[in-house]
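A.B. asks: Each chain, written out:
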Amino acid sequence: GAVVSQHPSWVICKSGTSVKIECRSLDFQATTMFWYRQFPKQSLMLMATSNEGSKATYEQGVEKDKFLINHASLTLSTLTVTSAHPEDSSFYICSARPWTGDWGETQYFGPGTRLLVL
Amino acid sequence: GQQLNQSPQSMFIQEGEDVSMNCTSSSIFNTWLWYKQDPGEGPVLLIALYKAGELTSNGRLTAQFGITRKDSFLNISASIPSDVGIYFCAGQFMNAGNMLTFGGGTRLMVKP
Numbered sequence: 001g002a003v004v005s006q007h008p009s010w011v012i013c014k015s016g017t018s019v020k021i022e023c024r025s026l027d028f029q030a031t032t033m034f035w036y037r038q039f040p041k042q043s044l045m046l047m048a049t050s051n052e053g054s055k056a057t058y059e060q061g062v063e064k065d066k067f068l069i070n071h072a073s074l075t076l077s078t079l080t081v082t083s084a085h086p087e088d089s090s091f092y093i094c095s096a097r098p099w100t101g102d103w104g105e106t107q108y109f110g111p112g113t114r115l116l117v118l
Numbered sequence: 001g002q003q004l005n006q007s008p009q010s011m012f013i014q015e016g017e018d019v020s021m022n023c024t025s026s027s028i029f030n031t032w033l034w035y036k037q038d039p040g041e042g043p044v045l046l047i048a049l050y051k052a053g054e055l056t057s058n059g060r061l062t063a064q065f066g067i068t069r070k071d072s073f074l075n076i077s078a079s080i081p082s083d084v085g086i087y088f089c090a091g092q093f094m095n096a097g098n099m100l101t102f103g104g105g106t107r108l109m110v111k112p
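So the sequence lines, in the order shown, correspond to chains F and L. Letter by letter, the first sequence follows residues 1 to 118 of my numbering. Letter by letter, the second sequence follows residues 1 to 112 of my numbering.
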């Protein structure tokens, strides 16, 4: 149980284009999903918290107009990198927290999406 | 977000040796978590700790939630080559929207 998928697993795009990444919780409902970015040999850095049916909460320094997040259902959140530039190349990982009525439930991570912007 | 202090940053050990890594924080947490990340993959949860002082095992892995709620350690006994990867600690505080604060990671390399 508690499986999270991401699609695509990797993507290469030209500078200036937009890229959409999907995060799905396969066997549970997630009112909250999280988006992280990880640069090589570094830890995971939280970008934003995605809440189903409401606007995402972005961490300081993360441009909300550049990284569009939509949490349309209890099992799907999408991250769109708009007008991508080479510095946006990174490993993007989502996580989902099952809602069981217990705020102590932990997060389960997707396999990540590697983005390379040329 | 703020990172936890995780040490060591890397370890290169012989197969069969025991491994110990730890995390410390200036903030208290309600939950401590330990994840393992293989190259090109997302983190996989190894052990979750929910109470101060709690000691939990998962096979050859043992982790403890520090009494002060500001630290945790992870031990791996009798390491094997497949233990290679990056281990991350993470702290979770309920009143912070359940966001995770990650340590910098410990890169483990095991020599057969």
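The set of hints was computed from the structure by calculation and includes no laboratory data. Check the hints yourself; a few may be wrong.
[As the list claims (entries may be wrong)] With a cut-off of at most 27 Å between alpha-carbon atoms, the simulated DSSO-like pairs for lysine-lysine come out as follows: (1) L/Lys51 to F/Lys41; (2) F/Lys55 to F/Lys66; (3) F/Lys14 to F/Lys64; (4) F/Lys41 to L/Lys111; (5) F/Lys20 to F/Lys55; (6) F/Lys20 to F/Lys64.
A.B. asks: If a hint holds in the structure, say so; if it doesn't, say that too.
C.D. replies: Status of each hint after checking the structure:
| no. | hint | result |
| --- | --- | --- |
| 1 | L/Lys51 to F/Lys41 | violated (31 Å) |
| 2 | F/Lys55 to F/Lys66 | holds (14 Å) |
| 3 | F/Lys14 to F/Lys64 | holds (21 Å) |
| 4 | F/Lys41 to L/Lys111 | holds (20 Å) |
| 5 | F/Lys20 to F/Lys55 | holds (17 Å) |
| 6 | F/Lys20 to F/Lys64 | holds (14 Å) |
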